[in-house]
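Trainee: Please model the entire structure based on the sequences and the hints provided.
So the protein lines, in turn, are chains A and B.
Residue 167 in the numbering used here sits at position 167 of the first sequence, and the numbers go up by one each step.
Residue 280 in the numbering used here sits at position 280 of the second sequence, and the numbers go up by one each step.
Among the hints, a few may not be true.
Claimed, not checked - Simulated coverage check for chain A against chain B, where a stretch passes if three residues somewhere in it have a Cβ under 8 angstroms from a Cβ of chain B:
| no. | stretch |
| --- | --- |
| 1 | 48-57 |
| 2 | 86-96 |
What the hints assert, rightly or not - Label-pair ranges, simulated between beta-carbon atoms:
| no. | chain 1 | residue 1 | chain 2 | residue 2 | range |
| --- | --- | --- | --- | --- | --- |
| 3 | A | R368 | B | A226 | 38 to 44 angstroms |
| 4 | B | T291 | A | D271 | 55 to 61 angstroms |
| 5 | A | R368 | B | R366 | 47 to 53 angstroms |
| 6 | B | K218 | A | G109 | 31 to 37 angstroms |
| 7 | A | E110 | B | D219 | 38 to 44 angstroms |
| 8 | B | A260 | A | A133 | 54 to 60 angstroms |
Calculated directly from the structure, the hints in this document are not laboratory data.
Where is the CB? At the ideal position from N, CA and C, for every residue including glycine.
Now for the letters of each chain:
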Amino acid sequence: MLALGLGGGLGVGAVAAGVVASSAGSRQGVSSGALEYPFHGERQGGILTPAQDRLHFAAFDVRAATSRNDLVGLLRDWTYAASRLVMGLGVSASGAFDGRPSLPADDTGEAADLGPSGLTLTFGFGRTLFRTAAGEDRFGVADRMPREFTPLPKQANDFLDARRSGGDLCIQACADDPQVAVHAIRNLTRLAVGRAQLRWSQSGFGRTSSTSTTQVTPRNLFGQKDGTNNLKAEHSEKLAEHVWIADGPTWTHGGSYLVARRIAMTIEVWDGLQLQEQDRVLGRDKRSGAPLSGGDEFTPPDFTKAGDDGKRLIDERSHVFRVHPDSNGGVAMLRRGYNYVDGNDDLGRLDAGLFFIAFVKSPERFARVHTNMARDDMFVEYLKTTSSSVFLVPPGVRPNEYVGQALFEG
Amino acid sequence: MGSEGAFEVIAVSSTATECAVSTRTTRSGTATFSVRNSGPQITEFYLLGPDGLRIVAEKENIAPGGSADLTVTLQPGSYFTACKPGMRGANVGEAAFSVTGERVEVPAEDKQLFDQAVRDYVNFVKNEVAELQPKVEGFVAAYVAGDDEQARRSYAAARVHYERIEPIAEALGLLDPRIDYREIDYLAEAEALAKDDPTFTEWLGFHRMEKDLWVPAKDAVQPDGANAWEGWTPSTPEVRARIGSALKADVGALYDKVHAADFVTAQELDIAAVANGASALLEEIAVGKVTGEEDWWSHTDLWDFQANLQGSRIAFDLVAPIATRKGPDATALAASISREFDALQALLSTYGNLTDGFVLYNTVSRDQQRALAAQIDAVREPLSKITNTVLGAAG
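Mentor: Take a look at the structure:
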């Protein structure tokens, strides 16, 4: 139904290549339903794209009977469908309503009137795609896995549920309308039937990071401006240093590693903390987001500055101190997480937290920061990580290519 | 190709601004539109109905510089042809296209095959119900006599013949509610059921007997979370006798209905019903069996699973030879369905078989259930297209 790959020259995307980052400013004033980002380009969308309001993230297991050709077929089908979905179209030309009455419709239809809504779809590969846990090279790509693609070491307060961690493939769907994001994941999951099965998925709301200087810093469920110091789309030199893969196999260059961690917050306990204690734990003023060393939100923290009592204004165990690049050999990351509330637990507490997403140049760099934070960051007392995954996000897709093509044909 | 009439290749050239079709009229029959994309963007070609909206047939995702064929059985009438370079916006080069000549009928040979497949399927149904009757009698006899061990042994095996033809029974009024409703199903509909059938005033059928034979623990819960003992007590010998004879009578009524001379016409059983029946049985598995909710007290869901699967496979095997006459795409579709059916059977067979029995479903782990669910979906997705193919709709 969705066979792609007839060869041919460059199409429309050639015009679009590389404009993702610069599209932010020019898009202002467009109503959210009509906001549209190009699918094709030098980088995949959903990384530098100004963080949308909603997320649906999904991880998949490639089924045992799926061959290398089947896998490539799936990536072709996903690529073509994704190129339509980001335009606000159904997954095929006959879509939700125009197919034959004696066939199920290709598209499920719930996003038909909602427009593109700023949808981006970002595809990634898990380590198990290259080599299974049992060491099997199912698709003949084991020798193409970058040496840098290492698993994350176990961290303090990791209570990982293996069922909702990892996976062979992932899709991050971000949009300004939750139904558009869910529709995308639902239909891409359906296209995968027989070839890959949904392993776990997570929806999120209220972006918790700004990825462009045009966006204000949002607040997490602790009520704090978190991620003030995030890398932004406009900082291209820093992105080259911290986000884009430039070493290892050439097929990965221009891609990035996506770290996804579902971090449950014990918000009921947090809510009972004195305001000054909340500020001390984060190292920032809750209202303004300014570091406790003074200034405004974007003033660099001064970790040496002491108060009248001679003690440092920013605690050494505060979140700001622990994750700051100065404390981590200069390592930074591009954060792009979302809040989540998945109902409640049996004790009558909200099952809520942060679905943390970061794009980094290598998993090891993330692990370095996280280990430094997790060991004695006071924040961690109020957090419990229940899911942890790393995916290699290959570079952007050119017209007539499928996502990750260079892995299989490079 | 099974159809008669003209066979023509019509050239289409799609560019950024044009959708040139080599002829504006043709005779009815099989035609192939050979679409060449000479534009800079991915394009699509449509054959639209007389309203210019409904897509009669389409070819999508034709890359710049590429070509693709769309083969379609054209009936007489007025149509439009159009392209959509870039996949969206207004149609490009929309133009009237007319088909003259006689209507292309289903070939006589197809009609014969349709009738034969329906006959074969009905014979299968009759045979299953004929086998169901003595099995139910044996099961009921043990249940009524209080020989619970024997009744438990024959419960799953008796159900097999019912589960193989479940969609047929479900189309026969209140027979399925009387024979196969679970307690929670009955309670939800009790008032409406009594209104439809004044004699239907208590929970009946296999599952009531199942609960008597596998008595739940005092703190056990229903699939909907309600306590198992709420509004329920084990049946007394008198109640068992009443429930048992009701099941025998209902199965007798089922036998009479499927063996009636007007069964095929009364139920409007045609080739589409057979093809749809294959899908309906897999839906039964996907909704009730793979979740372990069907045989909640006995955990014999895998017997039902196997029976549904066999019923589905038989219906598919009857229509598959018709599908393979509809061209290479249809042949490939039928082959992929066969392959996935085989894989599902192989997976299920790792848990047992009808002769020696299956493992109980409460011993099947969540991961194993996931694998079963994934393989059911792998059959269901291509199978959902088979009716359209068998009917030989355009394209």
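Trainee: All the hints need checking, so say for each whether the structure fits it.
Mentor: We went through each hint and held it up to the structure:
no., hint, in the structure
1, 48-57, "violated (count 0)"
2, 86-96, "holds (count 5)"
3, A:R368 <-> B:A226: 38 to 44 angstroms, "53 angstroms, violated"
4, B:T291 <-> A:D271: 55 to 61 angstroms, "38 angstroms, violated"
5, A:R368 <-> B:R366: 47 to 53 angstroms, "35 angstroms, violated"
6, B:K218 <-> A:G109: 31 to 37 angstroms, "47 angstroms, violated"
7, A:E110 <-> B:D219: 38 to 44 angstroms, "41 angstroms, holds"
8, B:A260 <-> A:A133: 54 to 60 angstroms, "58 angstroms, holds"
Hint check: violations occur at hints 1, 3, 4, 5 and 6; the rest are consistent with the structure.
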